[in-house]
Amino acid sequence: MIKIQKEDFSVGELFASLKYTAGNRSGAISTFTGLVRENDLIDQPKLTALGLEHYPGMTEKALTTIANQAIKMFSLTAVIIVHRVGKLSIGENIVFIGTASAHRKSAFDSCEYIMDFLKNKAPFWKKEYRSDGSENWVEQKQKDRDALKKWDT
Amino acid sequence: MIKIIFLARLRELIDISELSIELAKHQVSTVETVITMLAEQYPAFRDYLNDENPLLIAVNQEITGTEREIHSGDELAFFPPVTGG
Chain C
0 MIKIQKEDFS
10 VGELFASLKY
20 TAGNRSGAIS
30 TFTGLVREND
40 LIDQPKLTAL
50 GLEHYPGMTE
60 KALTTIANQA
70 IKMFSLTAVI
80 IVHRVGKLSI
90 GENIVFIGTA
100 SAHRKSAFDS
110 CEYIMDFLKN
120 KAPFWKKEYR
130 SDGSENWVEQ
140 KQKDRDALKK
150 WDT
Chain G
0 MIKIIFLARL
10 RELIDISELS
20 IELAKHQVST
30 VETVITMLAE
40 QYPAFRDYLN
50 DENPLLIAVN
60 QEITGTEREI
70 HSGDELAFFP
80 PVTGG
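Protein chains in written order, with numbering that gives the first Met the number 0: chain C, 0 to 152; chain G, 0 to 84.
Just so you know, these hints were derived from the structure itself, not from any lab.
Keep in mind it's a predicted model, so treat the numbers as computed, not measured.
Note that beta-carbon positions come from the ideal geometry of N, C-alpha and C, so glycine has one too.
Errors might be hidden in some of the hints.
Facing chain G, a subset of chain C residues (Cβ under 10 Å, in silico) [stated by the list, open to error]:
| no. | residue |
| --- | --- |
| 1 | G33 |
| 2 | E37 |
| 3 | H53 |
| 4 | K60 |
| 5 | N92 |
| 6 | I93 |
| 7 | I96 |
| 8 | D115 |
| 9 | K126 |
| 10 | R129 |
Calculated cross-link-like contacts (lysine to aspartate or glutamate; reagent style EDC-like; alpha-carbon spacing at most 20 Å) [said to hold, decoys possible]:
| no. | chain 1 | residue 1 | chain 2 | residue 2 |
| --- | --- | --- | --- | --- |
| 11 | C | K126 | G | E11 |
| 12 | G | K2 | G | E61 |
| 13 | C | K120 | G | E74 |
| 14 | C | K140 | G | E51 |
| 15 | C | K140 | C | D151 |
A few chain C residues that face chain G, going by a derived Cβ cut-off under 7 Å, partial list only [what the hints assert, rightly or not]:
| no. | residue |
| --- | --- |
| 16 | M114 |
| 17 | L117 |
| 18 | P122 |
| 19 | W136 |
Could you put the whole structure together from the sequences, leaning on the hints where they help?
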């Protein structure tokens, strides 16, 4: 299941949905939640909000492609990806990834795989809003680009 | 007619979120020819390219390169590298 939404999500409800879909052949469920964190740069005005923009139409397709890649690669029995958009405050949920499989290695690894690909391929963009009124678009990081290399077969 | 969408920082810089253009008749249009045309018409877009800002391109919502042919009815999107998650 892929969802892009403004509203907050409940990790508990998504887990229950994942477990229901995964069925009795699944021995492992792994989940990841991304949150809005405070900026850790002491000489910058405080982060007050994070804006998430996306490309409607392409976002759903891109996440579905990533999910299908993960299902095939890790023999998953269930996948859920939920990503929020709009203006979010510190501490709020941004993204949820949940995967289910027969054994734990696939469950653990597939969550990381999906997150690494989402960071590189899913058309979302983050904008920081700070306490002095300034706004700036977050730039893609080299370490996120590098993270894809570990999945090269 | 093709639809062109600009997203995120690029949209803010050129102050356009979407526009429609007619493709030239009797010649093959590619992403490259559209970029050239837009750079001529919109100085802010030209500046973005000249400053060597990375530009990603999607045609009909799939990432593609500049050599891709464009046809009437296509949707072309330009945007910076993504930062979701």
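Practice prompt. Could you check the structure against the hints above and give me the numbers of any it violates, in ascending order?
Written response: Checked against the structure, the hints that fail are numbers 2, 5 and 10, while the rest are satisfied.
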